[in-house]
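Using the UniProt record's numbering, read the sequence shown as starting at 1 and increasing by one per residue.
Hints were generated in silico from the structure; no laboratory data involved.
Heads up, the beta-carbon is just placed ideally off N, CA and C, and yes, glycines get one too.
Hints are supplied without guarantee of correctness; some may be wrong.
[What the hints assert, rightly or not] Keeping only pairs whose Cα atoms sit at most 30 angstroms apart, straight-line, the calculated DSSO-like set for lysine-lysine is:
1) K48 - K158
2) K218 - K228
3) K170 - K12
4) K61 - K12
5) K142 - K228
6) K93 - K146
7) K49 - K142
8) K236 - K145
9) K12 - K99
10) K162 - K99
11) K93 - K158
12) K145 - K158
13) K235 - K145
14) K163 - K229
15) K236 - K142
16) K93 - K49
17) K99 - K145
18) K27 - K158
19) K158 - K146
20) K99 - K146
21) K27 - K162
22) K49 - K29
23) K61 - K162
24) K48 - K145
25) K146 - K162
26) K163 - K235
27) K170 - K218
28) K218 - K236
[Claimed, not checked] For each label pair, taking beta carbons as the anchor points, the in silico distance ranges come out as:
29) W141 - K99: 22 to 30 angstroms
30) H201 - Q132: 36 to 44 angstroms
31) K48 - W221: 38 to 46 angstroms
32) G186 - Q45: 35 to 43 angstroms
33) W221 - S98: 33 to 41 angstroms
34) D81 - W141: 26 to 34 angstroms
35) K27 - P168: 29 to 37 angstroms
36) E159 - S214: 35 to 43 angstroms
37) K29 - K99: 18 to 26 angstroms
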Amino acid sequence: MVSVAMAFYNGKTYIEEQIDSILRNLKEKDELVISVDDASDGSDQILKKRAQADMRIRVVKGPGNGVVPNFQNALQHCRGDIIFIADQDDVWKEKKVSKVLEVFQDPDVMCVVHNAEIVDGNLVPSGETTFQWRESGTGFWKNMKKNSYIGCCMAVRKEILKKVLPIPEKVWIHDQWIGLLAEQLGTVVFLEEPLLLYRRHGENVTELTHGTISSMIKKRWFMYREIKKRIDQWKKQS
Numbered sequence: 001m002v003s004v005a006m007a008f009y010n011g012k013t014y015i016e017e018q019i020d021s022i023l024r025n026l027k028e029k030d031e032l033v034i035s036v037d038d039a040s041d042g043s044d045q046i047l048k049k050r051a052q053a054d055m056r057i058r059v060v061k062g063p064g065n066g067v068v069p070n071f072q073n074a075l076q077h078c079r080g081d082i083i084f085i086a087d088q089d090d091v092w093k094e095k096k097v098s099k100v101l102e103v104f105q106d107p108d109v110m111c112v113v114h115n116a117e118i119v120d121g122n123l124v125p126s127g128e129t130t131f132q133w134r135e136s137g138t139g140f141w142k143n144m145k146k147n148s149y150i151g152c153c154m155a156v157r158k159e160i161l162k163k164v165l166p167i168p169e170k171v172w173i174h175d176q177w178i179g180l181l182a183e184q185l186g187t188v189v190f191l192e193e194p195l196l197l198y199r200r201h202g203e204n205v206t207e208l209t210h211g212t213i214s215s216m217i218k219k220r221w222f223m224y225r226e227i228k229k230r231i232d233q234w235k236k237q238s
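All chains should be built: construct the whole structure from the sequences, respecting the hints.
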């Protein structure tokens, strides 16, 4: 069984197109879990209607504490053995799920990250991919310095969640946290084929630009410290 974990916040503009693209990738017993922090823009009726029309869609109440706790809530509600992470505004390409599942046939693979085409709000290609943008690839220190774990391009085995969750309160980015810890738990594969249209429309939670150097250093130091704490916890429990 495959689960898709989506964090939702007032995403009326693009949500139906994204839901359609996801459902085309899912089988009858798979599920799309949408954790809703806020749907006051009118999207509440859209989500309710879509959930009533397709039993694969499960809408759950979000914690209302920001994007990271909302994604965590979605992940915690997932029942599938392989969990895909999804944003509310992208478009999945056909066979995204089947091509990622092929990689998971190797039991040592804990996480898969695929490439994506960067597009604007109208899905016009920028000519750049996420792998080019982030210089993507495995490596703890590489991804600590410049993160190439992009959540909407990631899928993980459910079994790692018991070690990855909960995400510490002050960790500001869920995908880097999950990816860096997945590297400690098994094999991570970066799949070169673009399997998603990564929509950048000016209202995204994550941006293509960065903060100040000092803020970046502080965030990375905190991330490293929390990851070390989590790994030390694993060692004590084993």
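Hints versus structure:
A threshold of 30 angstroms between alpha carbons decides the hint, and for K48 with K158 the separation of about 27 angstroms falls inside it, so the pair holds. Pair hint K218 plus K228 holds up; C-alpha atoms about 15 angstroms apart against a cutoff of 30 angstroms. For the hint linking K170 to K12, the alpha-carbon distance of about 28 angstroms falls within 30 angstroms, and the restraint holds. Only pairs whose Cα atoms come within 30 angstroms are accepted, and K61 paired with K12 is accepted, the gap being roughly 17 angstroms.
Distance restraint check for K142 and K228: the Cα-Cα separation of roughly 16 angstroms lies within the 30 angstroms cut-off, and the hinted pair is therefore satisfied. Restraint check: the Cα-Cα separation between K93 and K146 comes to about 26 angstroms, which is no more than 30 angstroms; the hinted pair holds. Between the alpha carbons of K49 and K142 the distance comes to roughly 43 angstroms, so the proposed pair goes past 30 angstroms and is violated. This hinted pair checks out: K236 and K145 have alpha carbons roughly 28 angstroms apart, not beyond 30 angstroms.
For the proposed pair K12 and K99, the alpha carbon gap of about 29 angstroms is at most 30 angstroms, so the pair holds. Restraint check for K162 and K99: the C-alpha separation of about 25 angstroms stays at or below 30 angstroms, so the hint holds. A threshold of 30 angstroms between alpha carbons decides the hint, and for K93 with K158 the separation of about 23 angstroms falls inside it, so the pair holds. Using a Cα cut-off of 30 angstroms, the hinted pair K145 and K158 holds, with the two alpha carbons roughly 27 angstroms apart.
Taking the CA atoms of K235 and K145, the gap is near 25 angstroms; set against the 30 angstroms cutoff, the hint holds. The suggested pairing of K163 with K229 holds, with an alpha-carbon distance near 12 angstroms, which does not exceed 30 angstroms. Our distance criterion of 30 angstroms between C-alpha atoms is met by K236 and K142, whose separation comes to about 27 angstroms. Between K93 and K49, the direct Cα distance comes to roughly 24 angstroms. Compliance with the 30 angstroms bound is thereby established for this hinted pair.
A C-alpha spacing of about 29 angstroms is found between K99 and K145, which places the hinted pair at or below 30 angstroms, so the restraint holds. For a cut-off of 30 angstroms, the pair hint linking K27 to K158 stands: about 18 angstroms separates their Cα positions. Distance check on the hinted pair: K158 and K146 sit about 26 angstroms apart at the alpha-carbon level, within 30 angstroms; holds. The hinted pair formed by K99 and K146 meets the criterion: a straight-line CA distance of about 26 angstroms does not exceed 30 angstroms.
Proposed proximity of K27 and K162 is supported: the alpha carbons are some 26 angstroms apart, at most 30 angstroms. Annotation: proposed proximity of K49 to K29 holds, straight-line Cα distance about 20 angstroms (limit 30 angstroms). At most 30 angstroms may separate the alpha-carbon atoms for a hinted pair to count; K61 and K162 meet this at roughly 21 angstroms. Under the criterion of a C-alpha separation no larger than 30 angstroms, the hint pairing K48 with K145 is inconsistent with the structure, at around 41 angstroms.
Of the pairs offered as hints, the one joining K146 and K162 holds, with about 26 angstroms between alpha carbons and a cut-off of 30 angstroms not exceeded. Annotation: proposed proximity of K163 to K235 holds, straight-line Cα distance about 11 angstroms (limit 30 angstroms). Between K170 and K218 the CA atoms are separated by roughly 12 angstroms; this keeps the pair inside 30 angstroms, and the hint holds. As the CA atoms of K218 and K236 are separated by approximately 27 angstroms, the hinted pair is consistent with the 30 angstroms bound.
Between W141 and K99, the C-beta spacing of about 29 angstroms keeps the proposed range 22 to 30 angstroms intact. Checked against the given bound of 36 to 44 angstroms, the beta carbons of H201 and Q132, roughly 20 angstroms apart, lie outside it. Look at K48 against W221: about 43 angstroms separates their beta carbons, and that is inside 38 to 46 angstroms. Taking the beta carbon of each, G186 and Q45 are about 42 angstroms apart, inside 35 to 43 angstroms as hinted.
Between W221 and S98 the Cβ separation comes to about 40 angstroms, which falls inside the hinted range of 33 to 41 angstroms. Under the hint 26 to 34 angstroms, the C-beta atoms of D81 and W141, about 30 angstroms apart, fit the expected range. Hint check: K27 to P168, Cβ distance near 35 angstroms, so the stated range 29 to 37 angstroms holds. About 38 angstroms separates the C-beta atoms of E159 and S214, a value consistent with the hinted range of 35 to 43 angstroms.
Between K29 and K99 the beta carbons are some 19 angstroms apart, a value that agrees with the proposed interval 18 to 26 angstroms.
Going down the numbered hints, you'll see the structure goes against 7, 24 and 30, while the others check out.
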